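Trainee: With the sequences and hints as input, model every part of the structure.
Each residue of the sequence shown is one higher than the last, beginning at 284 in my numbering.
Be aware that a few hints might be false.
What the hints assert, rightly or not - Listed below are the simulated DSSO-like cross-link pairs for lysine-lysine, each with C-alpha atoms no more than 27 Å apart in a straight line:
1) 328 to 377
2) 391 to 342
3) 290 to 328
4) 424 to 290
5) 374 to 422
6) 314 to 422
7) 290 to 377
8) 328 to 374
9) 342 to 328
10) 314 to 377
11) 391 to 293
As the list claims (entries may be wrong) - Label pairs and their computed distance ranges (CB to CB):
12) 429 to 359: 19 to 27 Å
13) 353 to 297: 24 to 32 Å
14) 325 to 296: 25 to 33 Å
15) 406 to 382: 38 to 46 Å
16) 439 to 362: 32 to 40 Å
It is worth saying that the hints were derived from the structure and are not from the lab. Values in this document were obtained by computation on a predicted structure and should not be read as measured data. Positions of the beta carbon are idealized from the N, C-alpha and C atoms, including for glycine.
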Amino acid sequence: YPEKHEKIYKNCWLENPSPENPCFFDSSWVKEVCTSDHSYGYEEKDGYYSPCFIMRLEKTEDWIPGVVQSVPDAMMDNYDQGFIPVLCVAKTSKSEDSPPLITVYPPKGFSHLFFPVNGFNQERYLLPMVAVKLNRIRKSKNITVECSVDAPNAFFLWNNGRAVIRFETI
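Mentor: Structure below.
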């Protein structure tokens with residue numbers, strides 16, 4: 284990803300993309316929650332880990348995201364019809380353990396303006412991503428995180444737009 288906004292890209296917060304000028308994806312956005320400080324959360328700090336991972340939507344060439352008709356109450360603060368919401372749920376291996384708080388950034392998810400991929404010059408296209416951070420996992424815990432995009436036609440995506448990741452802290 285280029286470090287700076289170049290003229291071949293559109294700033295999609297201000298203007299719509301064109302086939303020759305796709306949206307600029309500013310990779311520094313994910314640094315709002317995931318930084319190299321403490322090895323992206325994989326380094327222990329005060330007995331806790333706060334690991335981050337990146338979620339991207341692969342194989343979306345012709346996919347045009349559908350608009351969500353019903354949004355869970357927990358997502359209403361960040362919901363925007365111009366975005367594809369990302370839902371993440373963490374589960375622990377022991378029922379008495381409470382799952383960690385999850386931060387998704389950007390909180391609205393993936394912008395619709397990056398799709399369909401085939402609508403853009405492939406040499407210039409920058410695949411959007413979201414950062415997912417698990418906050419304050421204690422040592423010696425097993426956590427499974429399942430993230431999915433909330434779109435009525437997500438079944439067209441690879442693995443139905445779902446990603447499952449397992450963490451084990453030592």
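Trainee: For every hint, state whether the structure bears it out.
Mentor: Against the structure, the hints come out as follows:
Between residue 328 and residue 377 the CA atoms are separated by roughly 23 Å; this keeps the pair inside 27 Å, and the hint holds. Annotation: proposed proximity of residue 391 to residue 342 holds, straight-line Cα distance about 21 Å (limit 27 Å). Restraint check: the Cα-Cα separation between residue 290 and residue 328 comes to about 41 Å, which exceeds 27 Å; the hinted pair is violated. Proximity of residue 424 to residue 290 is assessed by CA-CA distance (about 47 Å); at most 27 Å being required, the pair is judged violated.
Distance check on the hinted pair: residue 374 and residue 422 sit about 15 Å apart at the alpha-carbon level, within 27 Å; holds. Taking the CA atoms of residue 314 and residue 422, the gap is near 24 Å; set against the 27 Å cutoff, the hint holds. For the hint linking residue 290 to residue 377, the alpha-carbon distance of about 51 Å lies beyond 27 Å, and the restraint is violated. Pair hint residue 328 plus residue 374 holds up; C-alpha atoms about 22 Å apart against a cutoff of 27 Å.
The hinted pair formed by residue 342 and residue 328 fails the criterion: a straight-line CA distance of about 37 Å is larger than 27 Å. The suggested pairing of residue 314 with residue 377 is violated, with an alpha-carbon distance near 31 Å, which exceeds 27 Å. The hinted pair formed by residue 391 and residue 293 meets the criterion: a straight-line CA distance of about 19 Å does not exceed 27 Å. Range check, residue 429 to residue 359: about 21 Å between beta-carbon atoms, so the 19 to 27 Å window is met.
Between residue 353 and residue 297, the C-beta spacing of about 30 Å keeps the proposed range 24 to 32 Å intact. Separated by about 31 Å at the C-beta atoms, residue 325 and residue 296 satisfy the suggested range of 25 to 33 Å. Taking 38 to 46 Å as the suggested C-beta distance range, the pair residue 406 and residue 382 conforms, at roughly 41 Å. Taking 32 to 40 Å as the suggested C-beta distance range, the pair residue 439 and residue 362 does not conform, at roughly 22 Å.
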